[in-house]
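Listed below, chain by chain, are the residues.
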Amino acid sequence: MADKPFIHPYIPNAAPATKEAMLSELGLGSVEEIYAEIPERLRFKGRLDIPEPILAERDLRKHVMGLLDRNTSAVDYLNFCGAGCWQHHVPSVVDEVINRAEFVSAYCGGDYSDLGKYLSRFEFNSMLAELLDFDAVANPIYDWGDVAGRAFRMARRITGRDTVLVPAHISPMRLMEIRTLCQPESMPNSTKIRFYEWDRETGMADLDDLRAKVDDSHAAVYWESPGYLGTIEAHGAEIVKMAHEHGALAINGVDPITLGVLTPPGTVGADIACGDIQALGMHMHAGAGCSGFIAFRDDDPVFAQECPLELYTVMETKTPGQYAVGEAIAERTSYGSRDQGVDWVGTASGLWTIAAAVYMAVMGPQGFKELGETCIARSHYAAKLLGEIPGVEVKLSPHFFKEFVVSLDGTGKSVADVNKKLLAHEIFGGKDLSAEFPELGQSALFCVTEYHDQADIEKLASAVEEVTA
Amino acid sequence: MSETPQEKVARLARLRRDGGVLRDYRSPRYDEPFIMEQGAPGERGVFVPLAEDGVKKAVGEAADYIPEGMARAAAPVLPEMSQHQVLRHYLRYSQMTLGMDLGSDISEGTCTMKYSPKLHEELVRYHRAADLHPWQDEDTLQGLLEIVYETGQYLKEISGMDGFTLQPGGGSHAVYTNACVMRRYFEARGELGQRDEMITTIFSHPCDAATPKVAGFKVITVMPDENGYPDLEAFKAAVSERTVGCMITNPEDTGIYNPQIDKYVEVLHDAGALAFTDQANANGILGIARARDAGFDACHFNLHKTFSSPHGCEGPASGAYMVTEKLAPYLPVPVVTKVGETYHLDYDRPESIGRVRGFLGNWLCVIRAYAWIRNMGPDGLREVAEISVLNNNYLDRLLMAVKGVTRPYAEGHRRLDQVRYSLEELKEDTGFGTEAVRDRMVDFGIQSYWMSHHPWVVPEPFTPEPCETYDKRDLDEWAATIKKVSDEAYHEPDVVREAPHAQPIDQMRRTEAMEDPAQWAFTWRAYKKKVLGRQGPA
Numbered sequence: 050m051a052d053k054p055f056i057h058p059y060i061p062n063a064a065p066a067t068k069e070a071m072l073s074e075l076g077l078g079s080v081e082e083i084y085a086e087i088p089e090r091l092r093f094k095g096r097l098d099i100p101e102p103i104l105a106e107r108d109l110r111k112h113v114m115g116l117l118d119r120n121t122s123a124v125d126y127l128n129f130c131g132a133g134c135w136q137h138h139v140p141s142v143v144d145e146v147i148n149r150a151e152f153v154s155a156y157c158g159g160d161y162s163d164l165g166k167y168l169s170r171f172e173f174n175s176m177l178a179e180l181l182d183f184d185a186v187a188n189p190i191y192d193w194g195d196v197a198g199r200a201f202r203m204a205r206r207i208t209g210r211d212t213v214l215v216p217a218h219i220s221p222m223r224l225m226e227i228r229t230l231c232q233p234e235s236m237p238n239s240t241k242i243r244f245y246e247w248d249r250e251t252g253m254a255d256l257d258d259l260r261a262k263v264d265d266s267h268a269a270v271y272w273e274s275p276g277y278l279g280t281i282e283a284h285g286a287e288i289v290k291m292a293h294e295h296g297a298l299a300i301n302g303v304d305p306i307t308l309g310v311l312t313p314p315g316t317v318g319a320d321i322a323c324g325d326i327q328a329l330g331m332h333m334h335a336g337a338g339c340s341g342f343i344a345f346r347d348d349d350p351v352f353a354q355e356c357p358l359e360l361y362t363v364m365e366t367k368t369p370g371q372y373a374v375g376e377a378i379a380e381r382t383s384y385g386s387r388d389q390g391v392d393w394v395g396t397a398s399g400l401w402t403i404a405a406a407v408y409m410a411v412m413g414p415q416g417f418k419e420l421g422e423t424c425i426a427r428s429h430y431a432a433k434l435l436g437e438i439p440g441v442e443v444k445l446s447p448h449f450f451k452e453f454v455v456s457l458d459g460t461g462k463s464v465a466d467v468n469k470k471l472l473a474h475e476i477f478g479g480k481d482l483s484a485e486f487p488e489l490g491q492s493a494l495f496c497v498t499e500y501h502d503q504a505d506i507e508k509l510a511s512a513v514e515e516v517t518a
Numbered sequence: 002m003s004e005t006p007q008e009k010v011a012r013l014a015r016l017r018r019d020g021g022v023l024r025d026y027r028s029p030r031y032d033e034p035f036i037m038e039q040g041a042p043g044e045r046g047v048f049v050p051l052a053e054d055g056v057k058k059a060v061g062e063a064a065d066y067i068p069e070g071m072a073r074a075a076a077p078v079l080p081e082m083s084q085h086q087v088l089r090h091y092l093r094y095s096q097m098t099l100g101m102d103l104g105s106d107i108s109e110g111t112c113t114m115k116y117s118p119k120l121h122e123e124l125v126r127y128h129r130a131a132d133l134h135p136w137q138d139e140d141t142l143q144g145l146l147e148i149v150y151e152t153g154q155y156l157k158e159i160s161g162m163d164g165f166t167l168q169p170g171g172g173s174h175a176v177y178t179n180a181c182v183m184r185r186y187f188e189a190r191g192e193l194g195q196r197d198e199m200i201t202t203i204f205s206h207p208c209d210a211a212t213p214k215v216a217g218f219k220v221i222t223v224m225p226d227e228n229g230y231p232d233l234e235a236f237k238a239a240v241s242e243r244t245v246g247c248m249i250t251n252p253e254d255t256g257i258y259n260p261q262i263d264k265y266v267e268v269l270h271d272a273g274a275l276a277f278t279d280q281a282n283a284n285g286i287l288g289i290a291r292a293r294d295a296g297f298d299a300c301h302f303n304l305h306k307t308f309s310s311p312h313g314c315e316g317p318a319s320g321a322y323m324v325t326e327k328l329a330p331y332l333p334v335p336v337v338t339k340v341g342e343t344y345h346l347d348y349d350r351p352e353s354i355g356r357v358r359g360f361l362g363n364w365l366c367v368i369r370a371y372a373w374i375r376n377m378g379p380d381g382l383r384e385v386a387e388i389s390v391l392n393n394n395y396l397d398r399l400l401m402a403v404k405g406v407t408r409p410y411a412e413g414h415r416r417l418d419q420v421r422y423s424l425e426e427l428k429e430d431t432g433f434g435t436e437a438v439r440d441r442m443v444d445f446g447i448q449s450y451w452m453s454h455h456p457w458v459v460p461e462p463f464t465p466e467p468c469e470t471y472d473k474r475d476l477d478e479w480a481a482t483i484k485k486v487s488d489e490a491y492h493e494p495d496v497v498r499e500a501p502h503a504q505p506i507d508q509m510r511r512t513e514a515m516e517d518p519a520q521w522a523f524t525w526r527a528y529k530k531k532v533l534g535r536q537g538p539a
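Top to bottom, those sequences are chains V and A.
Just add 49 to the spot in the first sequence (first one is 1) and you have my numbering.
Just add 1 to the spot in the second sequence (first one is 1) and you have my numbering.
Among the clues, some could well be false.
[What the hints assert, rightly or not] What the simulated footprint calls covered on chain V by chain A, stretch by stretch (three residues with Cβ under 8 angstroms from a Cβ of chain A suffice, anywhere in the stretch; the number is not a length):
1) 82 to 94
2) 233 to 247
3) 288 to 302
4) 354 to 368
5) 375 to 382
6) 453 to 463
[To be verified] No more than 16 angstroms apart at the CA atoms, straight line, and that leaves these computed lysine to aspartate or glutamate pairs for EDC-like:
7) A:Lys119 - V:Glu514
8) A:Lys219 - A:Glu242
9) V:Lys469 - V:Asp502
10) A:Lys339 - A:Asp507
11) V:Lys433 - A:Glu53
12) V:Lys367 - A:Asp507
13) V:Lys470 - A:Glu436
Keep in mind the hints are simulated off the structure, nothing from the lab.
In this text the structure is predicted, and so the values were computed from the model without any measurement.
Glycine is no exception: its CB is placed at the ideal position from the N, C-alpha and C atoms.
Just chain A, with the same shape it has in the complex (with noise of 0.2 angstroms):
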């Protein structure tokens, strides 16, 4: 791009403004070969302490103890490589790597991206966060359990609820914890042969359907009505003495916030079944509403997401499961209390559903977390809330305006935290639906955005959440780039149908790779095999 200064001040003024004129992106392209292709015999990456002479004195040979036909024959077929080259080919992939903390990723709804402070990053690696045995004496751990039991005491006083566990490992686990407690509760009360329907809907996310069924439940999803609510019949209908609870968001993934769910719990509560509602997506109601107050049993909240753990690369992550009263005994051990002064591991719960980890939990993000909510205090969790609300409503009214976007449901009623789009008549008009247009906005440093869950219920979807890290500036530029990629579309088809043109690699080819036994390769070695042994030399 040739232009003079003044030039390039005034586009950088108007970039995110006018959705002719976008961010002249390039991502970093390294020809990369794979780790396995590289380095040379001999070589090594890093020295290893070796036995000292005393040792092996004293003991003699290692291979002395290992069992006859244990000693492994053939070396592992690992890369030899010195450590810069291991390093700068990692490096590498890090630069072909957008992540959060370059990219804009509005483009991620229902994930929630915001802003992780670097000094978490700091924090978590200190050596007394990191270098910690799970089995150390508790004496030894109190500062960590002191975070812990103080975390949990917010997040109860965020959602009202009266007891929590912090050992789920993300926020599906958290949710399969959810089914499993359910499930022990119906068997202390010998119900558990009578309920064995768990009720969700087809907005939650999918986990709120999948690990009810792998707890051993059958599962009804109920469909939206012409509102985009949970049919409030049709879940009525779906309550009999045979459910054990509920488990749904709410918002749901369209954003929409159900005015009535205190009456969808009501109808469980009176079938004597349960309440739970997910709230990985809490951002839009923190300090706002508390799940709780609609009557709900038990929710759960996502650290990672809503309390700035950052996702690194999906995972680790941490599930703050929250109860009542009432649920509490059979929360998994072990459970953190607080004895005077002290803190303990509590593993003397007879009535636990046992557990859904081992140890303690990514207990590192729940560090972040307790950092993140002592930064933020009570108004500022509010103002997170109330900036994400607002961040979507302004980027709605942006992304209404494009040609070929739809929102479908609740017409006249805002959205909190997140939309589902739809580019139904996009594709109508153009025949490029969400995916190409999704391959396509890359090209301008957006994050490839979230669709939809499977399935597509809003057809063509996209799902952006632009949560109170972002920016006016950076609304302004995504909805320029959607817009761009909208007006590529109906006049430079083309452009579209080649995209990606400015990523790290080209379009993708041989799909049938991903469906196909005789094709699909989930290592180097099964690709040699399969592919490259069919083809001939690499």
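Here chain V stands alone, though its shape is the one from the complex (with noise of 0.2 angstroms):
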């Protein structure tokens, strides 16, 4: 390799010619001159100890696709796992869109060079508010857990108190992510978190204690629908009323693909709505197709002015009826005043935004509702077929839309080990709850959606059966 130029595909002035002919136009020998700005002793001597490259692009996808290969896709076996992360099934023409170089490969380029990137933004923006029925959407970032936590602070500028509650039974991964954002409780300005329980029954809040709890110090009370456990939550307005009159902020964690058949958050009458867009249009990439929205109302504006994300707003230009986007209340964010800011931002998951944004268009209001209507079918069916085989047990409310628990204690069987004999039927099982939910013993949570269909799901059934008899 030292004796001869690399002269690499994605480094064209690495050719001899043109290198001599730059550093002569600077006149210097050798780049090691620039160099010369950092001193000897810390500059890196050796050469880097990691492998000799694969050059030719045959032999590098070969040894790649080599390692994908030993990767078993949702694609190659049934999967019915999901928990924060879903199968759905994703329209070619939303990969088609997110596909194209133009948008693959732009980053943060200006409001009239790249335009279209803005506009599909605001598309994505007011197409997700229509679905959770508020009016402002802000531009989301990592993922459900991470603006949760955002939302929790949020609350916390807008009301000057400190404490959230939250369902006891939130994912644990979730609550892991908050914690991380809301700081450790020894700290001045940490953000707390306190539980109230669920019902053991139905999988939805208890509202006794909830109104037992609930009280002047709290800055918003927290609930999802459907929550971790699957379950639907029938008393968001119930929520909504007891958090509103204390003075705390009602704050819903959502799944939006539910909203074609579900009362969107908007209607329920939170200040705030949180979830992760993963399932509208994304393929799930091990939990990399995730991203997580926030929303409210607008009809105060300190919502807007204390939202942790950037907020777009549709604007005008010199010729009339043609619309650009530009940033809003950019000085509230990181960008705008560094520390200053009301919380910090970075790049985060543009393009599934636009992903989401094709989806929700392709979908429409029916294609929402049917989805609705297959995945809630679905997933009853085969909660039903798993229910009839002897030791298992489907627990908590019939109230779901695609995931629900399901207990194997009957069986005598782990969920760890009816998983590892279900690879056998090229089936993965659902989220294995033991250590998160020890009271919910040996239970797992599964998801059916409208990617299953029928067969695949009696095919899970019989398996099921099979390995648990």
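Got two chains here, separate frames each, mind docking them using the hints?
Okay, here's the thing in structure tokens:
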């Protein structure tokens, strides 16, 4: 390698003649003269100990594909695991759009030169707003847990109070992200998390416990629908009422793909909604398909002013009828005011918002309605078949959308054991809840969507029956 | 433009060499209505599966499972549109997006907009990358875990560090992870009550100030001395028994390498504090200088930017966070480990900060970074750095010849990967500042340039970064374009004042909507209420 020039296809100016010409234009003998800016004691003297390059594209492709082939995908096998990252069908037209080189490669280009990116973003916000029944949607960031933590901090700033009430059956993973964002309680500006109980029969909020706990020290009451354990929360409006009676905000975590058939957070009366857009046209990507959103009422500007994420407004141009999109009240972000901003923002998940825009546009109201009905029907069909297996019991309420808790206690088998055995049937079983919710015993959270047809579900049921027998 | 073929060849040959001859560019302009205003009742873009008769017979109506009051009463007001019409709409939007692949993202300093190989896109779209569930049995994710683990080993070598996480979903997220790791370190030592101040510099990225604030710290920002280096005396004065650490960049946004960086680290260590360096822009130092060798306890890389993963309209991205042994116990869970020939997700880490994101991380970006590093090898990475630095210095020579352009600080020193220039002189002479120049340059097919993070310490700033992707002709063209706009500012001011002229839209108006609650409209329904409602029908 060292003997001949390294002219990589991605490094045009490595061509010796060009390099010479540029150096000579600069009056330099070598690039080392530029690196003289770095003192000797700080220079790395050796050669990096990483593998020699695989140069030919064909060889590199074979190598990486070979590694990827050591994975088994949710296309190779049937997957019934959800728990925050769900397998829904991704229409091909969604992938076609987000695989466009312009969108794949764009970054923070300008209002004019990257206009299409900004228009797509505004349309994403606008369509998600219709699903949620809110007037304001901010630019999404990492995932649901992240935006929940940010929404809690937003509520803290708006109310001047430091405690948020959270349902005790929130996803433990989500809670870990929230706790990291809310700071250790020993710190003076931490946001405290307190829990209210859930009804063990229905999986919904325990309203009596919430009523007993909520008081004027709370910045917000948070609830989810569907919750982590799958149940659709029937008492959103009562939770909102209780929160508001004590001057607290009502924050609703929601999976927007349910909103073709379920009452949206804006209609329920929430002040802020948050959740994940992954179901809206993203492949799972081992969890990288996630992207968290925040939406809110826009009748009081304090919500926008305390919003932790970037906000984009539609604008006009000097030509009537033309629209542009610009960042609004940017001063409050970390890009506008560094540590004086309300939170921090950074490169997040822009491409996924374009995917979700295409998804919402092709689905339309009818698509969302039908998808919701199919998810409910097929997940209940799966629950019915699984519940008929000796020793297998479906727990919690019948009010679920696509996920439900299945107890294997009666079979004497562990979830881990059953899931291992299901692999031989080319099935990824439900998420093991035994460590997260010991009180549920050997239970798993199964996820069935429109992706799974009747035959898939019947295959699951017969496999579970076989491995639990 | 009317010209003979010979003239055209001659023009193209001179294209980037002469400020008077530039790309004859017109952006696509489709006059496309918002999608919310398109379609017709009953149209649809895709059929979704319906429950089979056998399913319906077994479970009945879906509506019966929705709790009372939770059935949506009014359908969402979404487009009803056929598939081709939706596709065409977004293809038009893509054409009205220059992006990096079409444009000249030399403009995007601090962002390292390099070429993202197309092979990588094929890899990440493969179902054994795209259609993986994060909770699959780890035996079925061995290929992905190997890629992540090995990428971590390479990044350890490149930084000199001992431990890594690829959980953060972007550069700022990795920087935030650092603030949380430092917090946990001092919490474990019982010093969190005492230590509550983080030090950064004004030329470090805003996230180096904002994320420690979110983590609960007070932030002290050190300003540059007359040479552009963070003022060492001011830095020393800021360090005390209250100091958690520093979160700083080197080279900073100015492109100036701080040759005394190890002295700053020493000051911190002497006070029992920690040192982190933000290496979002490591392009100029790959294989040249390592964070560990300057004494840092932690650093990060952006796998987008430096390691080739594309930006995707601002994400998904990936921040690689690297630490020394001392901080490794505090990394977020899970950590990817290798035992024998198998790879594992290790959650049993009692000292961990917990999580900064759900599941595993944006590992599609890691797949790309892995492929890129494997394609470059040790000499390739070094060549990337050397050519980036050469390109930057070559462009610098061209830009310093442009009237109205100045380069504050560190006269007599060479910059590494980027430079923050000033158009203050141009503004004094012509009234046109950096925003006006930016909005005219785009008319020549040049991506809208990055000015500066806030605050503008350098007046009327712009920050190009001509990384290794660009050839000499690209650099010549970029310089010629800004020269052309400078000439226009002096001699044809109306052209600049009314710019842009060749973009998908004309000059923006109604800027008050960006600040006024009565006018801002974050969604179309808000716009319909606030603006169209007031002004009459659309």
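Hints, verified against the model:
| no. | hint | verdict |
| --- | --- | --- |
| 1 | 82 to 94 | holds (count 11) |
| 2 | 233 to 247 | holds (count 6) |
| 3 | 288 to 302 | violated (count 0) |
| 4 | 354 to 368 | holds (count 9) |
| 5 | 375 to 382 | holds (count 5) |
| 6 | 453 to 463 | violated (count 0) |
| 7 | A:Lys119 - V:Glu514 | 45 angstroms, violated |
| 8 | A:Lys219 - A:Glu242 | 14 angstroms, holds |
| 9 | V:Lys469 - V:Asp502 | 23 angstroms, violated |
| 10 | A:Lys339 - A:Asp507 | 56 angstroms, violated |
| 11 | V:Lys433 - A:Glu53 | 15 angstroms, holds |
| 12 | V:Lys367 - A:Asp507 | 6 angstroms, holds |
| 13 | V:Lys470 - A:Glu436 | 63 angstroms, violated |
In this structure, the hints that do not hold are numbers 3, 6, 7, 9, 10 and 13, in rising order.
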